[in-house]
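**Q** Residue-level listing of the chains:
Protein chains: 8
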Amino acid sequence: MNPDQLKILLQAVKGGDTPVDEALEQLRHFPSQDVGCAQVDHHRELRQGMPEVIFGEGKTALQIAQIMRAMTDKGSNVLVTRLDSVKAGEICIQFPTAVHYEEARCLTLEQKSVEQNCRGTILVVSAGTSDLPVAAEALITARFLGNRADHIYDVGVAGIHRLLARREQLCAASVLIVVAGMEGALPSVVGGLVDKPVIAVPTSIGYGAAFGGIAALLGMLNSCAAGVTVVNIDNGFGAACAANLINRM
Amino acid sequence: MNPDQLKILLQAVKGGDTPVDEALEQLRHFPSQDVGCAQVDHHRELRQGMPEVIFGEGKTALQIAQIMRAMTDKGSNVLVTRLDSVKAGEICIQFPTAVHYEEARCLTLEQKSVEQNCRGTILVVSAGTSDLPVAAEALITARFLGNRADHIYDVGVAGIHRLLARREQLCAASVLIVVAGMEGALPSVVGGLVDKPVIAVPTSIGYGAAFGGIAALLGMLNSCAAGVTVVNIDNGFGAACAANLINRM
Amino acid sequence: MNPDQLKILLQAVKGGDTPVDEALEQLRHFPSQDVGCAQVDHHRELRQGMPEVIFGEGKTALQIAQIMRAMTDKGSNVLVTRLDSVKAGEICIQFPTAVHYEEARCLTLEQKSVEQNCRGTILVVSAGTSDLPVAAEALITARFLGNRADHIYDVGVAGIHRLLARREQLCAASVLIVVAGMEGALPSVVGGLVDKPVIAVPTSIGYGAAFGGIAALLGMLNSCAAGVTVVNIDNGFGAACAANLINRM
Amino acid sequence: MNPDQLKILLQAVKGGDTPVDEALEQLRHFPSQDVGCAQVDHHRELRQGMPEVIFGEGKTALQIAQIMRAMTDKGSNVLVTRLDSVKAGEICIQFPTAVHYEEARCLTLEQKSVEQNCRGTILVVSAGTSDLPVAAEALITARFLGNRADHIYDVGVAGIHRLLARREQLCAASVLIVVAGMEGALPSVVGGLVDKPVIAVPTSIGYGAAFGGIAALLGMLNSCAAGVTVVNIDNGFGAACAANLINRM
Amino acid sequence: MNPDQLKILLQAVKGGDTPVDEALEQLRHFPSQDVGCAQVDHHRELRQGMPEVIFGEGKTALQIAQIMRAMTDKGSNVLVTRLDSVKAGEICIQFPTAVHYEEARCLTLEQKSVEQNCRGTILVVSAGTSDLPVAAEALITARFLGNRADHIYDVGVAGIHRLLARREQLCAASVLIVVAGMEGALPSVVGGLVDKPVIAVPTSIGYGAAFGGIAALLGMLNSCAAGVTVVNIDNGFGAACAANLINRM
Amino acid sequence: MNPDQLKILLQAVKGGDTPVDEALEQLRHFPSQDVGCAQVDHHRELRQGMPEVIFGEGKTALQIAQIMRAMTDKGSNVLVTRLDSVKAGEICIQFPTAVHYEEARCLTLEQKSVEQNCRGTILVVSAGTSDLPVAAEALITARFLGNRADHIYDVGVAGIHRLLARREQLCAASVLIVVAGMEGALPSVVGGLVDKPVIAVPTSIGYGAAFGGIAALLGMLNSCAAGVTVVNIDNGFGAACAANLINRM
Amino acid sequence: MNPDQLKILLQAVKGGDTPVDEALEQLRHFPSQDVGCAQVDHHRELRQGMPEVIFGEGKTALQIAQIMRAMTDKGSNVLVTRLDSVKAGEICIQFPTAVHYEEARCLTLEQKSVEQNCRGTILVVSAGTSDLPVAAEALITARFLGNRADHIYDVGVAGIHRLLARREQLCAASVLIVVAGMEGALPSVVGGLVDKPVIAVPTSIGYGAAFGGIAALLGMLNSCAAGVTVVNIDNGFGAACAANLINRM
Amino acid sequence: MNPDQLKILLQAVKGGDTPVDEALEQLRHFPSQDVGCAQVDHHRELRQGMPEVIFGEGKTALQIAQIMRAMTDKGSNVLVTRLDSVKAGEICIQFPTAVHYEEARCLTLEQKSVEQNCRGTILVVSAGTSDLPVAAEALITARFLGNRADHIYDVGVAGIHRLLARREQLCAASVLIVVAGMEGALPSVVGGLVDKPVIAVPTSIGYGAAFGGIAALLGMLNSCAAGVTVVNIDNGFGAACAANLINRM
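Residue numbers (my numbering), protein chains in the order written: chain A, 16 to 264; chain B, 16 to 264; chain C, 16 to 264; chain D, 16 to 264; chain E, 16 to 264; chain F, 16 to 264; chain G, 16 to 264; chain H, 16 to 264.
Since the hints were made in silico from the structure, they are not lab data.
All values reported here derive from a predicted model rather than from experimental measurement.
Treat the hints with care, since some could be wrong.
Which bits of chain C does chain D cover? Going by a derived footprint, with three or more residues having C-beta under 8 Å, they are [what the hints assert, rightly or not]:
| id | segment |
| --- | --- |
| 1 | 202 to 212 |
| 2 | 238 to 247 |
Over the 12 Å line for every Cβ pair with chain D, so calculated as not near, a few chain C residues [to be verified]:
| id | residue |
| --- | --- |
| 3 | Lys29 |
| 4 | Val50 |
| 5 | Gln78 |
| 6 | Ala80 |
| 7 | Asp88 |
| 8 | Ile108 |
| 9 | Phe110 |
| 10 | His115 |
| 11 | Glu125 |
| 12 | Ser128 |
| 13 | Glu130 |
| 14 | Thr136 |
Using N, Cα and C, we set each Cβ at its ideal position, and we do this for glycine too.
From just these sequences and the hints, can you work out the full model?
**A** Structure representation (structure tokens):
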């Protein structure tokens with residue numbers, strides 16, 4: 016139930032078109048619905064500006080399917096993140112219209128078309144080929160939440176001319192998500208070129224003293240470009256959520 | 016030199032009102048002016064949407080004054096952060112119109128009035144009395160950059176009713192900066208209550224296993240509220256810069 | 016041998032009903048019995064208020080079975096924790112009355128019924144679906160040790176209304192075990208709502224900068240709610256042991 | 016306002032003895048009172064079973080005095096922790112009946128006598144001479160909250176006979192707070208001797224690889240004695256709060 | 016020194032032209048033998064008091080066999096540590112008289128009988144069943160190097176009476192190797208009971224905040240029992256080498 | 016396109032032998048060529064003194080093959096690092112002239128013979144048998160980039176005579192790459208013996224408190240031999256690149 | 016056992032009524048003396064082979080003096096470690112025969128002459144000038160405990176010839192204490208040259224990534240020389256205690 | 016070799032009885048001079064290509080002066096690093112011709128003029144004003160060792176145009192030392208622009224999660240620009256030593 020639907024319902028109650036009992040039934044699962052392993056939060060969109068998203072890691076395929084069923088019964092679109100291929104396969108059998116993005120480890124099920132009501136374009140910029148899965152998670156999430164989203168890839172700082180050649184596209188975005196592993200320097204350089212919010216995503220790519228993304232994370236937290244904010248390692252999803260909140264009208 | 020001034024200059028050149036040599040002189044310090052210890056970047060506002068700010072830590076009072084002189088000569092307003100009281104005293108003697116905020120460890124010098132051209136209000140929310148200095152740095156920076164900015168303080172998560180009592184004010188902000196030390200849980204709770212971007216600032220307050228802000232930083236990076244982004248420990252300034260970029264029209 | 020049995024035995028010796036030699040035989044394995052790979056401590060209940068529990072990790076199925084045999088020979092109930100499915104299967108063949116809890120990775124064998132002699136209810140509260148295995152370990156242990164134990168699940172702090180809706184149940188418990196991964200903020204909020212001891216259990220759930228539970232652990236150690244104590248990462252068993260000692264009459 | 020006072024007030028309202036307006040005035044500062052730098056939570060005792068305590072670190076003497084004034088105006092007793100001698104001196108001038116415990120870095124101001132309504136004795140056990148300040152903080156807090164509290168000191172594990180000689184006293188306590196630095200092994204040994212809850216407090220005492228208490232903290236979290244729970248490094252106050260909640264009737 | 020030179024030297028010794036002491040001096044730093052992947056150091060025994068031992072991890076079965084062949088050709092006994100079962104199987108086919116100790120992950124090949132010329136007994140003391148493999152590595156190494164070596168197991172500090180019951184055996188040893196995981200407190204207690212050198216071996220056993228042995232390692236480095244020294248995590252071999260040097264006459 | 020080829024092209028343009036359009040076509044992929052998953056940087060040699068090298072980890076065999084095809088189409092030699100055997104097998108089927116070095120996890124494809132135009136010899140020195148793969152990566156890279164390169168192996172500091180016996184060869188090198196795991200002390204000793212640049216490579220070999228190479232990395236960063244520089248853990252490739260830049264004329 | 020009981024026992028020994036062996040047994044675990052802030056353990060020498068030593072850090076001058084008085088009253092020699100100059104000054108006024116070693120931060124008070132009854136010489140070897148204070152603490156402790164002790168200094172591994180020039184002296188020692196900061200490589204080289212026990216002491220000397228001795232500590236724990244054991248950072252005292260236990264007859 | 020022997024050797028050289036090459040060989044590993052607190056290594060220049068340099072931290076002014084005297088007596092030039100102003104003042108009184116560089120914390124004493132016999136220019140590039148002291152240490156060391164050395168400062172990556180404007184100067188250097196704190200990204204960008212060796216120096220400048228230079232250090236170790244090597248945090252001296260070895264002819 017999104018804000019518009021709620022407004023219509025309440026006006027119908029006020030106008031007498033909908034009896035209180037019926038409205039109550041519709042609001043029955045407020046604040047949440049117990050599906051045995053989880054409390055599904057149908058009103059998160061109302062409260063937080065985006066629907067609940069299922070974090071697939073640490074849940075069984077069965078648990079994910081239960082939550083999905085509860086959401087699709089309410090007419091919601093569904094996004095599952097951190098989903099490995101085996102679980103995705105089991106779920107796709109039960110939900111034939113679901114789409115599985117293997118590289119991004121995401122699955123979407125769109126029952127109603129995604130409405131685009133945002134200000135501008137979210138631009139995802141990634142540093143190396145190995146950062147593509149995280150960038151893809153950000154892209155798919157941003158689009159699922161109703162944003163226009165583009166991607167520039169393989170523009171690491173050791174070949175700075177590749178990035179400078181895209182300066183125009185960088186400046187045209189309304190929010191930028193910058194994905195990088197290793198030393199995580201790309202957000203600093205991008206943040207110095209644009210006058211828009213930059214969300215930095217460290218990735219766990221790298222070896223040795225990259226320590227699974229710690230080097231990139233620290234680099235981004237210490238960015239000399241003021242205005243860069245950071246999300247968790249490999250958290251393309253979180254970056255897209257933040258970008259969505261910024262980009263909404 | 017801000018974008019409007021540049022546009023006027025270029026049109027004057029085009030129209031013949033300003034000779035090329037004179038325009039050249041005005042643009043002479045592009046890209047930066049060498050003041051002996053630093054390259055002052057007069058065009059950062061043009062490029063990044065906010066003027067250069069002087070990071071006071073690790074610079075002598077003399078170095079800071081040199082950079083301030085170069086900026087005031089160009090008519091810029093000046094913000095110095097991380098400035099201890101001794102250095103601030105020396106600088107205030109040379110720049111009598113400068114204002115020193117002791118708790119926030121900031122100094123401002125405003126030659127021209129700050130123009131307010133932003134969408135909404137930046138709300139700074141802080142968890143404990145000890146987080147006040149960092150919150151103050153964020154507030155002063157946000158206002159210096161031309162934003163309306165308010166403050167809710169001492170609303171830690173262990174007394175959740177104090178926070179819930181302010182829900183209306185939380186929901187009315189256009190961007191929220193949430194400052195917390197210790198376990199750093201406040202941004203998660205706030206992020207679950209609003210549908211606006213939340214920027215989390217961990218503080219170094221705490222003892223023992225707080226490890227100078229690491230506990231709060233990790234807590235915020237792992238926030239279960241999607242859409243929370245994080246800046247460096249005690250970096251109220253950085254949070255305000257990011258909030259400013261989001262809040263600008 | 017529990018305290019009551021010991022008292023009866025000693026009175027029987029005093030009264031002459033039990034010859035010294037026979038009492039000696041019964042006490043023969045005091046302080047412990049060597050089963051080749053371990054010293055089984057039959058008198059831990061006497062000394063520490065709960066029977067010895069077998070930590071299954073790092074022991075072979077054969078070693079576990081040897082220790083179980085020594086315990087069942089003395090009439091004790093048995094609890095094995097951290098037991099993977101393969102080892103559990105081998106053990107269940109040898110001990111057909113044993114019960115294996117797969118999600119909780121526990122196995123129990125109850126020869127005598129568990130006596131409930133505790134003051135109140137231990138309430139296990141968990142934050143996300145992924146925290147269920149640790150919560151389950153705590154629940155099973157608490158019940159094995161003779162406590163009433165209930166469970167509230169999926170009430171993370173980013174949807175604070177879900178937790179507040181259960182306030183009555185929270186306040187009715189005599190001890191609370193709060194299980195959370197990611198930023199580990201739930202114990203702080205719960206600790207601020209109740210006037211009973213709260214034992215916090217960080218879980219290794221999360222990714223990136225969760226660092227296998229370190230973020231949650233630090234968050235809990237730095238809880239702004241006074242009176243929260245913490246056990247090791249994923250240590251639902253330890254939390255239940257502490258809760259049992261508090262809850263006993 | 017404690018629970019009894021609230022009950023009397025509400026009955027007076029019900030019976031008509033107290034007009035609603037007057038009751039409202041008395042409850043006016045519910046949930047909290049804004050004293051400029053803090054929201055004083057007068058009803059914490061009602062909600063959490065112990066009055067608000069002022070954490071002195073990171074607050075100025077002036078801020079502490081403001082909060083103390085708001086509390087004493089309501090008739091509350093006051094405890095300030097982490098208070099250095101300079102600030103304590105300034106405060107004692109303003110509050111002549113306050114008592115300053117230098118070793119424990121605490122200050123108390125008792126307007127009404129502390130009521131003892133707890134089950135048994137809280138026993139503080141400390142390992143070395145250097146752990147005395149943290150043990151003292153725990154002792155003073157425990158007594159301030161209305162508990163009987165005793166102390167055994169300098170009984171480190173390298174001279175195990177010193178500890179064993181006190182076994183009777185250990186077993187007679189209803190809750191034990193065990194304070195240790197260096198390797199932090201004392202709680203494991205104590206936990207193996209008693210059948211009561213043990214709260215472990217790591218201290219920052221030690222050098223080199225003690226890392227300011229990390230070694231002791233990790234040792235305690237990994238205690239092989241089931242039922243030991245842990246609080247933050249040097250957090251004698253927190254341990255006493257938890258012990259108080261366990262010890263209350 | 017090549018084989019021919021060695022031959023001439025030895026003949027000179029045989030013929031009485033070169034005194035034994037002088038020949039010994041000449042051979043003391045005789046270089047090593049290149050076997051393609053390693054420089055086998057045949058004179059380590061002469062120089063360091065024990066023969067070269069093959070560290071099996073990170074070497075292929077083929078590489079290990081090459082080094083073993085070079086050693087057996089010189090008549091040396093061979094010890095291989097950190098050897099998994101697959102590689103051990105391949106090696107045992109080539110060296111039928113080799114003995115594989117699966118729990119200890121060691122393999123020995125003794126061509127000449129081990130000579131016992133040490134002062135006393137090395138006593139290996141281990142805390143839990145899970146520490147057995149590391150204790151076994153220490154035992155086998157100590158015996159391979161010509162020491163008498165005994166073992167006390169499952170005497171963790173949470174059941175201190177089990178350890179105290181063995182006090183006589185502890186005091187009779189000439190060197191003690193104390194193996195423990197989790198909080199690693201056992202060496203402190205043992206070190207307080209005996210007047211002999213104690214070598215502490217942290218093991219990687221434990222979970223959560225044990226961090227693969229870091230908790231035990233830090234505990235041991237910070238032992239309050241003076242005279243405890245520490246080796247690397249799981250390094251039973253290293254502890255036995257040190258104990259051997261101490262125990263030799 | 017290497018510097019010589021570019022010079023010839025530009026002279027041809029200047030002299031009118033090559034029309035601008037044709038030159039443009041040849042330079043078309045400047046700065047980089049988009050192959051779908053990567054921006055291949057054909058001019059890195061021009062800019063950085065060595066051709067682009069493909070980092071195999073985190074890329075699929077298909078992605079690697081795409082990049083290789085784009086490079087071979089331009090006539091470049093190809094080096095792939097961090098390539099596991101499965102992917103190497105797939106690639107070798109498509110590029111039959113490619114050579115796979117299993118121990119070094121590298122693959123080379125040389126279309127034109129490697130030109131040797133360097134000053135002296137790069138000497139790779141490694142401490143233990145287990146360091147061989149990293150040393151091999153350095154050797155193959157150094158030779159691929161046109162250097163003479165030799166190898167001394169198994170000369171750890173605990174048998175210092177083995178290293179001293181090779182002093183002449185050490186002093187004859189123009190650059191030294193010193194590879195070591197465990198305590199990483201070899202570069203300090205080597206750095207004290209020679210008057211040439213020493214590049215230290217920590218390896219992840221070791222166990223327990225080696226922490227995957229951190230011990231060796233820290234040891235090398237803190238080397239008491241002035242003039243030692245360090246690369247990332249296991250980064251034989253990076254060490255060879257640096258050595259190549261030093262060794263070039 | 017109180018003084019009267021002790022007197023009776025000793026008279027019984029004197030009179031021949033109690034054999035010495037029996038008296039020894041009775042006194043072996045004689046408890047300790049409470050001096051208000053500590054339990055002085057007069058029988059540690061009997062039990063652990065060396066007298067109790069006062070760790071000065073974290074104790075006030077007054078507390079140290081109390082413990083010293085209790086010990087001198089029993090006729091014991093006294094060693095205080097980690098004593099800063101201010102406290103040492105206060106103590107020397109009260110105990111005029113005490114000797115203060117400023118560099119070593121130690122103080123000794125010898126009432127009876129130290130008896131030398133050890134096997135050989137303890138040799139302290141240190142790497143740099145900055146390691147001298149830790150080496151001095153080891154030297155003074157070793158001599159206080161009745162050992163012959165010598166010192167070789169400034170023989171770091173980057174100038175290996177300085178160390179090799181002392182090989183004879185190294186080989187003549189019965190135990191070696193090797194003190195080093197920075198990369199901590201010296202124990203590995205020394206351990207490879209001698210056939211005696213080597214105790215490694217990391218020091219906190221160094222900067223940057225030395226991390227207060229962590230680099231040296233890890234280097235020593237990972238020493239490739241088998242038989243090296245390690246004590247805590249800067250713990251020259253602990254190393255000397257261990258060396259004393261090894262060196263005793 | 017004692018002074019007399021040295022005299023005889025030199026007279027033999029003078030008289031032609033000993034060829035220079037033979038004398039050189041004899042003197043190559045001449046041991047060191049004992050000055051009480053250090054072994055001064057007069058032949059380091061011969062062996063390692065640069066004279067011994069005195070590390071001032073952790074040494075007293077007296078110790079430094081002793082070592083300086085021993086060096087000046089031999090006619091050497093002297094460089095002292097990490098020297099605070101107090102000690103520098105004391106030393107300058109004794110050595111009036113010494114020069115103290117306060118910002119760089121260095122002192123030089125040049126008895127003979129520094130000979131410039133290097134290939135090209137060492138270019139020091141630093142990111143922020145706060146990095147100047149470390150850059151200055153590198154500059155002074157490089158010049159002391161006989162190199163031409165220049166400096167570009169305040170060219171951080173967030174204003175990439177400032178760096179690109181200096182591209183010509185960057186490409187003209189023979190070795191580059193790149194000094195940066197915070198995220199440490201500058202070496203990656205510089206390394207991508209030049210074809211010369213780049214030595215990266217992380218500085219401890221920054222706050223919060225900069226962790227005293229760890230963020231910059233990790234960033235540099237993980238540089239995506241191949242050929243970058245790294246020295247310890249704040250180690251401008253070490254970087255200059257390495258650059259000198261590279262730059263020598």
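**Q** For this structure, which hints from the list above don't hold up?
**A** none
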